[in-house]
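Participant: Below are the chains, spelled out letter by letter.
There are 2 protein chains.
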Amino acid sequence: MSALFPDKPRIAIIGSGALGCYYGARLAKAGNDVHFLVRSGRAAIMARGIRLKTPTERIQLRKVRSYATSAEIGPCDLVIIALKATANDMLPKLLPPLMGENTLVLTLQNGLGVEEPVAEVVGGEHVLGAICFIGCTRTAPGIVECSFPGLIMLGEFGRPAQGRTREVARLLEKAGVKCEAQDNLEELRWKKLVWNVPFNGLAIAGGGITTDILMADEGLRTLARRLMEEVVEAAAKFGHVIPRSFMDQQFERTGKLGKYSPSSLIDFREGRSIELEEIWGEPVRRAKSVGVPVPRLEMLYWLIKRLLAARKTNGKRR
Amino acid sequence: MSALFPDKPRIAIIGSGALGCYYGARLAKAGNDVHFLVRSGRAAIMARGIRLKTPTERIQLRKVRSYATSAEIGPCDLVIIALKATANDMLPKLLPPLMGENTLVLTLQNGLGVEEPVAEVVGGEHVLGAICFIGCTRTAPGIVECSFPGLIMLGEFGRPAQGRTREVARLLEKAGVKCEAQDNLEELRWKKLVWNVPFNGLAIAGGGITTDILMADEGLRTLARRLMEEVVEAAAKFGHVIPRSFMDQQFERTGKLGKYSPSSLIDFREGRSIELEEIWGEPVRRAKSVGVPVPRLEMLYWLIKRLLAARKTNGKRR
Chain A
0 MSALFPDKPR IAIIGSGALG CYYGARLAKA GNDVHFLVRS GRAAIMARGI
50 RLKTPTERIQ LRKVRSYATS AEIGPCDLVI IALKATANDM LPKLLPPLMG
100 ENTLVLTLQN GLGVEEPVAE VVGGEHVLGA ICFIGCTRTA PGIVECSFPG
150 LIMLGEFGRP AQGRTREVAR LLEKAGVKCE AQDNLEELRW KKLVWNVPFN
200 GLAIAGGGIT TDILMADEGL RTLARRLMEE VVEAAAKFGH VIPRSFMDQQ
250 FERTGKLGKY SPSSLIDFRE GRSIELEEIW GEPVRRAKSV GVPVPRLEML
300 YWLIKRLLAA RKTNGKRR
Chain B
0 MSALFPDKPR IAIIGSGALG CYYGARLAKA GNDVHFLVRS GRAAIMARGI
50 RLKTPTERIQ LRKVRSYATS AEIGPCDLVI IALKATANDM LPKLLPPLMG
100 ENTLVLTLQN GLGVEEPVAE VVGGEHVLGA ICFIGCTRTA PGIVECSFPG
150 LIMLGEFGRP AQGRTREVAR LLEKAGVKCE AQDNLEELRW KKLVWNVPFN
200 GLAIAGGGIT TDILMADEGL RTLARRLMEE VVEAAAKFGH VIPRSFMDQQ
250 FERTGKLGKY SPSSLIDFRE GRSIELEEIW GEPVRRAKSV GVPVPRLEML
300 YWLIKRLLAA RKTNGKRR
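Residue numbers (numbering that gives the first Met the number 0), protein chains in the order written: chain A, 0 to 317; chain B, 0 to 317.
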């Protein structure tokens, strides 16, 4: 099979949060032709570049090709969407200028139902999705601290992995990102929810707590397990079998994170938007659509929704 | 049947929060011999007395017989416990000096399992309990604002109403407190939980919200109904049948309260203790003991417990 990408594929990174900076800088350092669409903090990124700090590395991308509009970037081989899903209403404007005949669009967004709005704009055959198992935060524009580089699991939207899926995986691997092409993206999304639903959710609903506090609280730890079980039961109705051992692993992994602030908690505290619908709302709706009761998940959804509404009223949103 | 009480019964009021001041001042104004055990704010109460404001009345009790210890009060005909249940570890010290052969001890405490610790100290045959359907807050020592005078439902601990129950009810009625003697105190307690569990609980877990905000939030309103249903289902297993119409009434009543802060929310905000176990913990344990699943109630219990723990850590407790 002939390679899909040229030696130095043209890549657009949409969004300059933690994930966009992290993967984009790595891809650029690996010699790819990377173009960043930056909405905020562009001056800072142009002035000092992007800096990544991982437990074992310090990476600096001094010269960042940053743009304010996607029309300035033009067609690419690969477009990586590293925006929050809450910004997806901008996709119809952002994506078309980046599309060529064979352009692949890879969304890194969290939660359920995130490929669909991309597919609506560019056509489902162009769409890939990824689940990023990573712990990283943007501490300032272009500055990313990565406590847990983790890995990416990559899949096609509504199809098993293709040759091109494995090519994208190799591209990322060459850039130092552990990456696996997978045949069932939807199942992966449910699996990621097994962690995100309880740990991101209870971090907010529990009053703004890091994972160490949650893990030390017997009630919340049991609740996290019950929430996981609700997600797993709903996933099973859609044909995605997630073993109990997977849930156990989540607790083990979380115990090792120490005093970790889930990304939704950081966003909540800093007044940024949160993937309320993709992480909690959509799983509730899908579970109920197939008759799986998810009382705790639904309660968590309603509570977070309320807490977000209160934050807006208090004028802290930005 | 001969009257239990003399013309001017000797009454001790234990606790000088909103309820202690409200009922105590009314009983004193009605000509009873009322003695207040006051733990905090005694100087203010001695200086300016107790003042009540209701939607229709302003009542002032200028001369308040207040005491720092129950030994100074001595035996009474009726002892009214208006302490928080969280202070019940003080009962073995507080109650014995107040007891005579026929002394009745009436606890106004909220929630389940509040008569038991009184009975352990004074013997179950002396114990009455009451459910206070009232909306009132203490704005300063001895100053009580009552938005909704409501009524008291009175019963015996583990027995149907007796002649003496009705005498206590009459005593309260004469003091301007609407009061009904009831045969099944335990059932009343479950019924009060039907309101307290969701509305006190979600006021805290929802980020500190008044009832109007809860009633306007579709998710939380549905959640309040689900929580009520869990309480009702648990109560049913203990033989207490609470009709759906009772739940409907709670919503109607709450809609009329407007921007009302449930007492637990006020206490939470002001760093005071909350009847966590009596309102949420004990119902969860009783429901589970008879095999009734109460996922939302248990989740609410765990979340409030966590939020209280965080408050302590933040050093706001007093």
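One or more of the hints may lead you astray.
Copies of the same chain look alike in the list, so a pair counts if it works inside one copy or between any two.
[Stated by the list, open to error] In silico DSBU-like pairs for lysine-lysine, Cα to Cα no more than 35 angstroms straight-line:
#1 28 / 191
#2 304 / 62
#3 7 / 287
#4 287 / 304
#5 28 / 311
#6 258 / 311
#7 287 / 52
#8 173 / 255
#9 287 / 173
#10 28 / 287
#11 28 / 92
#12 304 / 173
#13 173 / 236
#14 258 / 62
#15 7 / 28
#16 287 / 62
#17 287 / 255
#18 311 / 191
#19 52 / 83
#20 177 / 311
#21 28 / 236
Calculated directly from the structure, the hints in this document are not laboratory data.
Fair warning: this is a prediction, and the values are worked out from it, not measured in the lab.
Participant: Each hint should be assessed against the structure and marked as holding or not.
Facilitator: Results for each hint:
1. 28 / 191: within (28 angstroms within a copy, 65 angstroms between copies)
2. 304 / 62: neither (40 angstroms within a copy, 50 angstroms between copies)
3. 7 / 287: For residue 7 and residue 287, the Cα distance exceeds 35 angstroms both inside one copy (46 angstroms) and across copies (62 angstroms).
4. 287 / 304: both (18 angstroms within a copy, 29 angstroms between copies)
5. 28 / 311: neither (39 angstroms within a copy, 48 angstroms between copies)
6. 258 / 311: both (27 angstroms within a copy, 19 angstroms between copies)
7. 287 / 52: Answer is neither: 42 angstroms inside a copy and 49 angstroms across each miss the 35 angstroms cutoff.
8. 173 / 255: The answer is within: 27 angstroms in one copy meets 35 angstroms, while 65 angstroms across copies does not.
9. 287 / 173: Neither: 42 angstroms inside a chain and 54 angstroms across chains, both beyond 35 angstroms.
10. 28 / 287: neither (45 angstroms within a copy, 58 angstroms between copies)
11. 28 / 92: within (29 angstroms within a copy, 73 angstroms between copies)
12. 304 / 173: Intra 40 angstroms, inter 48 angstroms, cutoff 35 angstroms: neither.
13. 173 / 236: neither (37 angstroms within a copy, 63 angstroms between copies)
14. 258 / 62: within (34 angstroms within a copy, 56 angstroms between copies)
15. 7 / 28: Result: close within a single copy only, 11 angstroms intra versus 90 angstroms inter.
16. 287 / 62: neither (49 angstroms within a copy, 62 angstroms between copies)
17. 287 / 255: both (34 angstroms within a copy, 33 angstroms between copies)
18. 311 / 191: Cα proximity of residue 311 and residue 191: in one copy and across copies (28 angstroms, 33 angstroms).
19. 52 / 83: within (22 angstroms within a copy, 52 angstroms between copies)
20. 177 / 311: neither (38 angstroms within a copy, 42 angstroms between copies)
21. 28 / 236: Cα proximity of residue 28 and residue 236: none, with 43 angstroms in one copy and 66 angstroms across.
In the structure shown, a violation is registered for the earlier hints numbered 2, 3, 5, 7, 9, 10, 12, 13, 16, 20 and 21, in ascending order.
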